[in-house]
Amino acid sequence: VTRALVLAAHGSHLDPNASAPIWAHAERVEAAGAFDEVRVAFWKEEPALSRALDGCAAGDVTVVPVFISSGYFTEEVIPREMNLCGPVTRRAGQVIRYTSPIGAHQAIAGVIARRAREAGARPADGIAVLGHGTRRNPKSERNVFAQAERLAASGAFAEVHAVFLEQEPDMRLAFDLFATPDVVMVPLFIADGWHVGQSIPADLALDGDELRAGGRRLAYAKAAGTHESVADVILEIAAEASAW
Amino acid sequence: VVTGEIVSQLGQLTIRIGEDDIAIEGPATGQAPRAVPGDPASLRRWIRFDDAGRYRPLSGARSMRANWQADLPSIAAMDAAIEAVYPLALEHLAAASEGRLRIVGLDEVLSRQSGRYQVAAGLGTAGRDAATAVLCARCVKSPAWAGGATPPGGIPCPEPCSVLVALCREAALWEREPPEAAPVNAEAAFADFETPGNEVREAYLRLRKDDLG
Chain A
39 VTRALVLAAH GSHLDPNASA PIWAHAERVE AAGAFDEVRV AFWKEEPALS RALDGCAAGD
99 VTVVPVFISS GYFTEEVIPR EMNLCGPVTR RAGQVIRYTS PIGAHQAIAG VIARRAREAG
159 ARPADGIAVL GHGTRRNPKS ERNVFAQAER LAASGAFAEV HAVFLEQEPD MRLAFDLFAT
219 PDVVMVPLFI ADGWHVGQSI PADLALDGDE LRAGGRRLAY AKAAGTHESV ADVILEIAAE
279 ASAW
Chain B
-6 VVTGEIVSQL GQLTIRIGED DIAIEGPATG QAPRAVPGDP ASLRRWIRFD DAGRYRPLSG
54 ARSMRANWQA DLPSIAAMDA AIEAVYPLAL EHLAAASEGR LRIVGLDEVL SRQSGRYQVA
114 AGLGTAGRDA ATAVLCARCV KSPAWAGGAT PPGGIPCPEP CSVLVALCRE AALWEREPPE
174 AAPVNAEAAF ADFETPGNEV REAYLRLRKD DLG
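In order, the protein sequences belong to chains A and B.
Read left to right, the first sequence gives residues 39 to 282 (our numbering).
Read left to right, the second sequence gives residues -6 to 206 (our numbering).
A hint or two may mislead.
Said to hold, decoys possible - Here are some chain B residues the structure puts well away from chain A; computed CB gaps all over 10 Å: (1) 26; (2) 64; (3) 142.
As the list claims (entries may be wrong) - A few chain B residues facing chain A, derived, Cβ under 8 Å: (4) 27; (5) 39; (6) 41; (7) 52; (8) 80; (9) 156; (10) 159; (11) 184.
Bear in mind the hints are in silico, worked out from the structure with no lab data behind them.
Quick reminder that beta carbons are idealized off the backbone N, C-alpha and C, glycines included.
Could you build all of it, start to finish, from the sequences and the hints given here?
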């Protein structure tokens, strides 16, 4: 049976960089050679989610949502647009496996740790896992808290907390959350888009990629979602789905 | 045309298949074409912006950079290059020619929207027609979903795109609170319909000026 992988992502009508990491992950996944075909599909770009399987002859298709949060997009928009009915859809001789978003997978905690270390994090430092969050959807926060808890449980760093852009705990009060002198903040975002590149550094009043106050330092890492090891997470998710 | 060379058109692309070489070219305006890498990732980045540096979220937008050429080593590489420039175009052409293209109309697409796009379903027929006329006129694809035929060198569009849905959303809101028209701002982002001066927004408002308050 031929196998295809579809990376389902958001994309943007306004931000030309929003889909760049998705294409990069797709290239890495394709290079791994585990699938006969690797496709991408977007809510706001082309190819569209609703046409993602046009011409796809693979008998076994795995759709991995490249989203951080489980919620509106992963539970409503993607299934609706791709006509999926649950984790496994059987249609016209094709099996379509629909996984949880990458943000829900345990291996993302390791990606956050790598991003933190690349930004200079040491074992004695605190790690702030930064999520978008929204008061409109309580599910939005769930994977951010879960990843922070996983990273804390690993014992790799002295302290780990989740902080948010649009809900409590507020990222701007990160120093108040931590007992460690230094904190590395890792955005748990899919892309280095407007939030990661502009609005968050402005809201935090960063000087370059750091903030110094009262003898303490906050270092700002790149988005976890753009890390090259996300491709490995995608492959792991797809491998798990193949056993369903 | 060089002897033995096959030249064809696909949207704004010119495709040349010679005895020893294959190339795709962007629109020509008389200047010598610039050579660009022909691998899909490079082409995807190249056609992502127009000559003025504006982001092109709609692959079929008639704003492709002019005067460039990508040499390609094989027919397979050419297909991959075309896929990067016009995603799914070759599949949709093949499906249309074989009578198996799945067509989904605007009414169905708007009726299934939710969240911030749910309001788009409230746009009336005149608004839907105007939005289609304004946006699709700026795209090389032929809206098969509106019953249109695809001309030679054209690309069938089987389903309204997300950009049209976004325009219908704004248009539905404009029916409730008609906005003031504004001079076109050539620097406004193509799909930023909320911003006065956006060329698509202003074209829509012009088309419907007698209907909107």
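Hint by hint, where does the structure go against what was stated? Just the numbers, ascending. 4, 5
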